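Student: The residues making up each chain are set out below.
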Amino acid sequence: MEQNRRDFLRIIAGVGALTLGGAPNAMGDVTTLRGYPDQYGVLVDTTVCVGCRRCEWACKEWNKLPGQQTLKAYEQDRVIFEKLRRTDASTYTVVNRFPNPRDAARPIYVKKQCMHCYEPGCASSCFVKAFTKRPEGAVTYDASLCVGCRYCMAACPFDIPAYQYYDPWTPEVTKCTFCFDRIKKEGGVPACAAICPVETMTFGKRTDLISLAHKKIRDNPGRYVNHVYGENEVGGTSWLYLSSVPFSMIGFRADLGTVPIPTYSKPFLSLVSPVFIVIPALAMGFYSFKKRRDQIAREELREALEKKEKK
Amino acid sequence: MDAITAAEFRPTWVQEKLLLGMTFKDYLRSNFTPFNAVAAAILAVGIPVILYRLIYGLGPSTNLSDNNPWGIWIGFDMLCGVALAAGGFVVGTAVHLLGMKEYGFLFRPAVLTGFLGYLFAIIALTFDLGRYYRLPYPMVVSWGVNSVLFLVAWHVALYLGCQFVEWCPAIFEWLNMKKARKIFVKATLGATIFGVCLSMLHQSALGSIFLLMPEKLHPLWYSEYIPLWFFMSAVVGGVVMVIIESAASHRIFASQIEHDEPGHLDGVTLGLGKAAAVTLFAYFFMKIIGLAHGNTWGYLNTGYGYWWLLEMLGFVLLPALTFTYAVQNHLVKLVRAVAVWTAFGIVLNRINHSIIAFNWHLPWELRYVPHWMEVVLTITVVTIGILTFQWIMNRMPILYDHPDFEPEEH
Numbered sequence: 001m002e003q004n005r006r007d008f009l010r011i012i013a014g015v016g017a018l019t020l021g022g023a024p025n026a027m028g029d030v031t032t033l034r035g036y037p038d039q040y041g042v043l044v045d046t047t048v049c050v051g052c053r054r055c056e057w058a059c060k061e062w063n064k065l066p067g068q069q070t071l072k073a074y075e076q077d078r079v080i081f082e083k084l085r086r087t088d089a090s091t092y093t094v095v096n097r098f099p100n101p102r103d104a105a106r107p108i109y110v111k112k113q114c115m116h117c118y119e120p121g122c123a124s125s126c127f128v129k130a131f132t133k134r135p136e137g138a139v140t141y142d143a144s145l146c147v148g149c150r151y152c153m154a155a156c157p158f159d160i161p162a163y164q165y166y167d168p169w170t171p172e173v174t175k176c177t178f179c180f181d182r183i184k185k186e187g188g189v190p191a192c193a194a195i196c197p198v199e200t201m202t203f204g205k206r207t208d209l210i211s212l213a214h215k216k217i218r219d220n221p222g223r224y225v226n227h228v229y230g231e232n233e234v235g236g237t238s239w240l241y242l243s244s245v246p247f248s249m250i251g252f253r254a255d256l257g258t259v260p261i262p263t264y265s266k267p268f269l270s271l272v273s274p275v276f277i278v279i280p281a282l283a284m285g286f287y288s289f290k291k292r293r294d295q296i297a298r299e300e301l302r303e304a305l306e307k308k309e310k311k
Numbered sequence: 312m313d314a315i316t317a318a319e320f321r322p323t324w325v326q327e328k329l330l331l332g333m334t335f336k337d338y339l340r341s342n343f344t345p346f347n348a349v350a351a352a353i354l355a356v357g358i359p360v361i362l363y364r365l366i367y368g369l370g371p372s373t374n375l376s377d378n379n380p381w382g383i384w385i386g387f388d389m390l391c392g393v394a395l396a397a398g399g400f401v402v403g404t405a406v407h408l409l410g411m412k413e414y415g416f417l418f419r420p421a422v423l424t425g426f427l428g429y430l431f432a433i434i435a436l437t438f439d440l441g442r443y444y445r446l447p448y449p450m451v452v453s454w455g456v457n458s459v460l461f462l463v464a465w466h467v468a469l470y471l472g473c474q475f476v477e478w479c480p481a482i483f484e485w486l487n488m489k490k491a492r493k494i495f496v497k498a499t500l501g502a503t504i505f506g507v508c509l510s511m512l513h514q515s516a517l518g519s520i521f522l523l524m525p526e527k528l529h530p531l532w533y534s535e536y537i538p539l540w541f542f543m544s545a546v547v548g549g550v551v552m553v554i555i556e557s558a559a560s561h562r563i564f565a566s567q568i569e570h571d572e573p574g575h576l577d578g579v580t581l582g583l584g585k586a587a588a589v590t591l592f593a594y595f596f597m598k599i600i601g602l603a604h605g606n607t608w609g610y611l612n613t614g615y616g617y618w619w620l621l622e623m624l625g626f627v628l629l630p631a632l633t634f635t636y637a638v639q640n641h642l643v644k645l646v647r648a649v650a651v652w653t654a655f656g657i658v659l660n661r662i663n664h665s666i667i668a669f670n671w672h673l674p675w676e677l678r679y680v681p682h683w684m685e686v687v688l689t690i691t692v693v694t695i696g697i698l699t700f701q702w703i704m705n706r707m708p709i710l711y712d713h714p715d716f717e718p719e720e721h
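Top to bottom, those sequences are chains A and B.
For what it's worth, this note's numbering labels the leading residue of the first sequence as 1, then goes sequentially.
For what it's worth, this note's numbering labels the leading residue of the second sequence as 312, then goes sequentially.
Heads up, a few of these hints could be off.
Here are the simulated lysine to aspartate or glutamate pairs, DMTMM-like style, with alpha carbons at most 25 Å apart [as the list claims (entries may be wrong)]:
1) 527/B to 88/A
2) 83/A to 535/B
3) 83/A to 712/B
4) 291/A to 413/B
5) 527/B to 294/A
6) 644/B to 377/B
7) 412/B to 294/A
8) 412/B to 300/A
9) 412/B to 712/B
10) 83/A to 526/B
11) 266/A to 413/B
12) 266/A to 526/B
13) 291/A to 337/B
14) 527/B to 300/A
15) 64/A to 377/B
16) 497/B to 159/A
17) 527/B to 299/A
18) 60/A to 526/B
19) 527/B to 159/A
20) 290/A to 712/B
21) 412/B to 255/A
22) 493/B to 103/A
23) 290/A to 526/B
It should be emphasised that the hints constitute simulated quantities derived from the structure, not laboratory data.
Please read these numbers as outputs of a predicted model, since none were measured by experiment.
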């Protein structure tokens, strides 16, 4: 029933958009959503991670991504840490290594993947609605709609979506799915979290994870900085991080703010319908003034001529 | 032309309408000009590049990357193309809404330039789209109404239609279809008003695309005022392109023009120069207000700050002052020179927004520099656009009033 009602509202909003030639207040889908109450999340404790990269292996395995190697090859390849990596067309998640200023012998390993924002920039950028924030928390992508404009990549504050540039006919945007096909089933856990040997990742209800994160910070004085990354960043994300050093030192941007990305374009979108009402009114006004002025000028001229003739 | 003399030659419909009243042989011969030779050379390289892009994909033909999803096909072809094609909307407003009749003769060339500018911006865009064959998806398959780009897609498409309607009277005069022409002359006012709304919105929406990227665009270019900046600079772009285009056409197609007063174009050019000066000053002050509003003064004394100052002083304030000087002293040639200068300023602004000040936080080796094929494809699309413009100008009554028809009234 709820689904029907939403579809109905969506259709109404769409009709409004067509008649007004733009996008009026049809933002109910993404931008007014203050997070699904029961959405899942993952809490990543970067102080625990040992950098075995098994999560990378499991991710490729589950999502059948190209370039898969043996699990052993992942664990043994340490040279790969010498360069910072990002997600790409064949990789949904990467583990990067950062020097640890508190203990040089124990570098910090940080797993990177889609943060699954509450109010995703990618979803609000997409002009064919290929992205969906699911009630489970996952932000999923529907390649059957994608035109390939790559606005989502530009709009992502975490630089996550990648593109299959080398596929000439059916390129797709690629990004972590939060293993939506696993977590939507009862008891399902993302492949990366399931394989982690040291429990770096805790999967659960996001609200519980927030409490857990703050409890960990409270119970272990000195172990963590007092900041749960993702709790408020860009309005909140489903994935959350704990760290022993400031997040800017381990590859996170500290300047993202707490405003959801879609909010930035909201004031502009709200201008669309007024323009279609106010501008034609003004234009017709100007046009009538002009006509009237011309007419009066013509009449005055005629009167003047008539007067002259009478004389 | 051996058998019949020129006087006896009666052109067929095809010869009259398409071959400029010549036989096919003569028409072919008439096309061997230096200009066409250069164009042919560009196409000889450019068409294979286009095919290469379509067959082998974006990877081998561009320097786009996961960090830099947009290059010059968006930054130049789309953003500059649309901004500089605003002439149709600017002249339409002046002539049909504000009743500035002395600018009326600029309406048709401006609308044609605008229409072709938009058309070829869209054509260039399709090469940038990963799945270009899905171009109509935002219209017919799925509506992403939260997206500024959705608005751009719809408005650009609708506006293309508006400009086509405004251009139709010329087409029907060429085809000698009186009734159809009359209908479209009547539709001009409506199309102009609708076009003004659409232009205001999509010109500013092209800037609003960047509103979602506060963390990637340099603070000197990022602001809540981006929509207004893009709109104002597009008005400037439209005005200066009308100055440039009218000067060029009146020289290249001089044989088509029989002016009552020879100084008419000069007077109008000075008027346009005045409009450009006023708009540029307003734009400049809006940019300064953006600095104050965002409190980004501190960035001025950095590398990006000097670059910003170069754009703002060298390509906005200085042209505005020069326009003022030129108009006051009736220096028509200077007005035209400053128009070209200002057009480069608009291009610089759009490239700054989309490429130079974009991803400014990334290390140098991760930044985008266009691939040569991206440049060649851009030049090719522009060339095809100019050839199309030339083809139409040689056939349709764009610069002159068709002798068989009454002037337009609505």
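Student: If a hint holds in the structure, say so; if it does not, say that too.
Tutor: Hint check results:
Using a Cα cut-off of 25 Å, the hinted pair residue 527/B and residue 88/A holds, with the two alpha carbons roughly 19 Å apart. A hinted pair counts as satisfied when its Cα atoms are at most 25 Å apart, and residue 83/A with residue 535/B does not qualify at roughly 36 Å. Taking the CA atoms of residue 83/A and residue 712/B, the gap is near 67 Å; set against the 25 Å cutoff, the hint is violated. Simply put, residue 291/A and residue 413/B have alpha-carbon atoms about 16 Å apart, close enough for the 25 Å limit, and the pair holds.
The straight-line distance between the Cα atoms of residue 527/B and residue 294/A is roughly 52 Å, outside the 25 Å bound, and the hint therefore fails. Among the hinted pairs, residue 644/B with residue 377/B is inconsistent with the structure: their alpha-carbon atoms are about 46 Å apart, more than 25 Å. Distance restraint check for residue 412/B and residue 294/A: the Cα-Cα separation of roughly 12 Å lies within the 25 Å cut-off, and the hinted pair is therefore satisfied. The hinted pair formed by residue 412/B and residue 300/A meets the criterion: a straight-line CA distance of about 20 Å does not exceed 25 Å.
A threshold of 25 Å between alpha carbons decides the hint, and for residue 412/B with residue 712/B the separation of about 14 Å falls inside it, so the pair holds. Among the hinted pairs, residue 83/A with residue 526/B is consistent with the structure: their alpha-carbon atoms are about 23 Å apart, no more than 25 Å. Between residue 266/A and residue 413/B the alpha-carbon distance is near 41 Å, which puts this suggested pair outside the 25 Å criterion. With a C-alpha separation of about 17 Å, the suggested pairing of residue 266/A with residue 526/B holds against the 25 Å cut-off.
Taken as a hint, the residue 291/A and residue 337/B pair is broken in the structure, with Cα atoms around 49 Å apart against an allowance of 25 Å. About 61 Å separates the Cα atoms of residue 527/B and residue 300/A, which puts this hinted pair outside 25 Å; it is violated. At roughly 20 Å between alpha-carbon atoms, residue 64/A and residue 377/B fall within 25 Å of each other, so this suggested pair holds. In summary, the hint linking residue 497/B to residue 159/A is not supported, as the alpha carbons are separated by about 51 Å, beyond the 25 Å threshold.
Restraint check for residue 527/B and residue 299/A: the C-alpha separation of about 61 Å exceeds 25 Å, so the hint is violated. Distance hint between residue 60/A and residue 526/B is unfulfilled; the C-alpha atoms sit about 30 Å from each other, more than 25 Å. The straight-line distance between the Cα atoms of residue 527/B and residue 159/A is roughly 10 Å, inside the 25 Å bound, and the hint therefore holds. Pair hint residue 290/A plus residue 712/B holds up; C-alpha atoms about 24 Å apart against a cutoff of 25 Å.
Annotation: proposed proximity of residue 412/B to residue 255/A is violated, straight-line Cα distance about 53 Å (limit 25 Å). At most 25 Å may separate the alpha-carbon atoms for a hinted pair to count; residue 493/B and residue 103/A exceed this at roughly 83 Å. Using a Cα cut-off of 25 Å, the hinted pair residue 290/A and residue 526/B is violated, with the two alpha carbons roughly 47 Å apart.
Violation of the numbered hints given earlier is confined to hints 2, 3, 5, 6, 11, 13, 14, 16, 17, 18, 21, 22, 23; the remaining hints are satisfied by the structure.
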